[in-house]
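Novice: Sequence:
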Amino acid sequence: MSGSSRLVLGIESSCDETSAAVLSGETELLSHVIYSQDVHRLYGGVVPELASRVHLRTVDDVVEGALREAGVTLDQVDVVGVTAGPGLIGALLVGVAWAKAAAWAVGKPVVGVHHMEAHLFATQLEHPDAHPPFISLLVSGGHTLLLWVPRWGEYHLLGETRDDAAGEAFDKAAKILGLPYPGGPSIQKAAEGGDPARHRFTRPLLNRAQQPGDSDFYDTSFSGLKNALRLRVRELEARGELAAEVPHVAASFQAAVVDVLARKTMRAVEQTGCRRVVLGGGVANSRALREELRRKLGKGG
Numbered sequence: 173m174s175g176s177s178r179l180v181l182g183i184e185s186s187c188d189e190t191s192a193a194v195l196s197g198e199t200e201l202l203s204h205v206i207y208s209q210d211v212h213r214l215y216g217g218v219v220p221e222l223a224s225r226v227h228l229r230t231v232d233d234v235v236e237g238a239l240r241e242a243g244v245t246l247d248q249v250d251v252v253g254v255t256a257g258p259g260l261i262g263a264l265l266v267g268v269a270w271a272k273a274a275a276w277a278v279g280k281p282v283v284g285v286h287h288m289e290a291h292l293f294a295t296q297l298e299h300p301d302a303h304p305p306f307i308s309l310l311v312s313g314g315h316t317l318l319l320w321v322p323r324w325g326e327y328h329l330l331g332e333t334r335d336d337a338a339g340e341a342f343d344k345a346a347k348i349l350g351l352p353y354p355g356g357p358s359i360q361k362a363a364e365g366g367d368p369a370r371h372r373f374t375r376p377l378l379n380r381a382q383q384p385g386d387s388d389f390y391d392t393s394f395s396g397l398k399n400a401l402r403l404r405v406r407e408l409e410a411r412g413e414l415a416a417e418v419p420h421v422a423a424s425f426q427a428a429v430v431d432v433l434a435r436k437t438m439r440a441v442e443q444t445g446c447r448r449v450v451l452g453g454g455v456a457n458s459r460a461l462r463e464e465l466r467r468k469l470g471k472g473g
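Each number in our numbering corresponds to the 1-based position in the sequence shown with 172 added.
Mixed in with the good hints, there may be bad ones.
Here are the computed lysine to any residue pairs in the SDA-like style, where the Cα-Cα straight-line distance is at most 25 Å [said to hold, decoys possible]:
id, residue 1, residue 2
1, K344, D388
2, K361, V219
3, K280, V180
4, K344, R375
5, K344, R447
6, K280, I206
7, K347, A256
8, K468, R370
9, K347, V418
10, K347, L403
11, K272, V285
12, K361, H328
13, K347, V211
14, K347, R225
15, K347, Y215
16, K361, R467
17, K272, L202
18, K344, R411
19, K468, M438
20, K272, E189
21, K272, E298
22, K272, E241
23, K344, A415
24, K272, H299
25, K347, A416
26, K344, L202
27, K468, H328
28, K280, Q248
29, K344, K361
30, K280, S203
31, K347, R402
32, K361, E407
33, K347, A269
34, K347, D335
Since the hints were made in silico from the structure, they are not lab data.
Please build the complete structure, drawing on both the sequences and the hints.
Specialist: Rendered as structure tokens:
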């Protein structure tokens, strides 16, 4: 750590994880501590009130752990950054209140950070060359956004979900299939032994007649796909075939979601001429999504 580098304490509490990190300069990560809330597994999804209460119990230890791991004290920090939204309001309040109180106590500034914009910048920690211009697909439990980013600070929203976010769709699909929360990793694991072509699910808002400028050209929708899954599961249960078909159903559902996301992203690539794509959000960890985008982008992406 350079003696002249600015030290930043970052705090995140927008959903079901309490996280804190200490950063030196722009990209030197000195520490990163995360507390993941297992209580939501009982309900198959995040319960906002429970999330807020767990944040209250854990934020002190998480921040203290990050400072200790970085070898610094709170009064050595130059600025405190905190997720200010979007997110679960009660969960956000815990992080914001802690950050404001801590910054006031040591006389340092506090900066509210936009959750989605942070996903874009976070990519540079692992990929320093991930700078604009690029297309960004931000997919999580709460958001599905397709952006054109010609330069930092200039963000053009091309499309978004009209109902469920992709991550929410995976969570609900996992619950329907009797798989554990969080849904994305569970669906991915179950799909490893499945045939993605065995059960044909619709690809919402992917009409071949759509043209640039149409309201649904870039938008996504997953509520109908989720309902189609529920109906298929009922059919299989009625025939006593569900247990054997879970891997195939999971693989087919995952393929449908990935196909929609990848094809919508490629529409943006074709319209802008930019072949650099940045993924962000929890669903960006989907191996199937990354592989499909790599395949579609080819050597030039």
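Novice: Does each hint hold? Answer for all of them.
Specialist: Going down the list of hints, with the structure as the test:
1. K344 to D388: Given that 25 Å is the threshold and the Cα spacing comes to 24 Å, the pair holds.
2. K361 to V219: holds, 24 Å
3. K280 to V180: Holds, at about 10 Å.
4. K344 to R375: It holds: about 17 Å lies between the C-alpha atoms, which stays within 25 Å.
5. K344 to R447: violated, 32 Å
6. K280 to I206: holds, 24 Å
7. K347 to A256: Violated: K347 and A256 sit about 30 Å apart, past 25 Å.
8. K468 to R370: holds, 22 Å
9. K347 to V418: holds, 12 Å
10. K347 to L403: holds, 14 Å
11. K272 to V285: Measuring from Cα to Cα gives roughly 13 Å; hence the hint holds.
12. K361 to H328: Cα-Cα ~34 Å, so violated.
13. K347 to V211: holds, 15 Å
14. K347 to R225: Answer holds: K347 to R225 is near 24 Å, not above 25 Å.
15. K347 to Y215: holds, 9 Å
16. K361 to R467: Answer holds: K361 to R467 is near 21 Å, not above 25 Å.
17. K272 to L202: holds, 22 Å
18. K344 to R411: Judged against 25 Å, a Cα distance of about 22 Å means the pair holds.
19. K468 to M438: The given pair, whose Cα atoms are some 8 Å apart, holds under the 25 Å limit.
20. K272 to E189: OK: K272 and E189 at ~19 Å, within 25 Å.
21. K272 to E298: Answer violated: K272 to E298 is near 29 Å, above 25 Å.
22. K272 to E241: holds, 22 Å
23. K344 to A415: Holds, at about 18 Å.
24. K272 to H299: violated, 31 Å
25. K347 to A416: Roughly 17 Å between the alpha carbons, so the hint for K347 and A416 holds.
26. K344 to L202: violated, 36 Å
27. K468 to H328: holds, 23 Å
28. K280 to Q248: With a Cα-Cα distance of about 10 Å, the restraint between K280 and Q248 holds, given a limit of 25 Å.
29. K344 to K361: Cα-Cα ~16 Å, so holds.
30. K280 to S203: holds, 20 Å
31. K347 to R402: Roughly 10 Å separates the two Cα atoms, so the pair holds.
32. K361 to E407: holds, 23 Å
33. K347 to A269: Judged against 25 Å, a Cα distance of about 34 Å means the pair is violated.
34. K347 to D335: It holds: about 18 Å lies between the C-alpha atoms, which stays within 25 Å.
In the structure shown, a violation is registered for the earlier hints numbered 5, 7, 12, 21, 24, 26 and 33, in ascending order.
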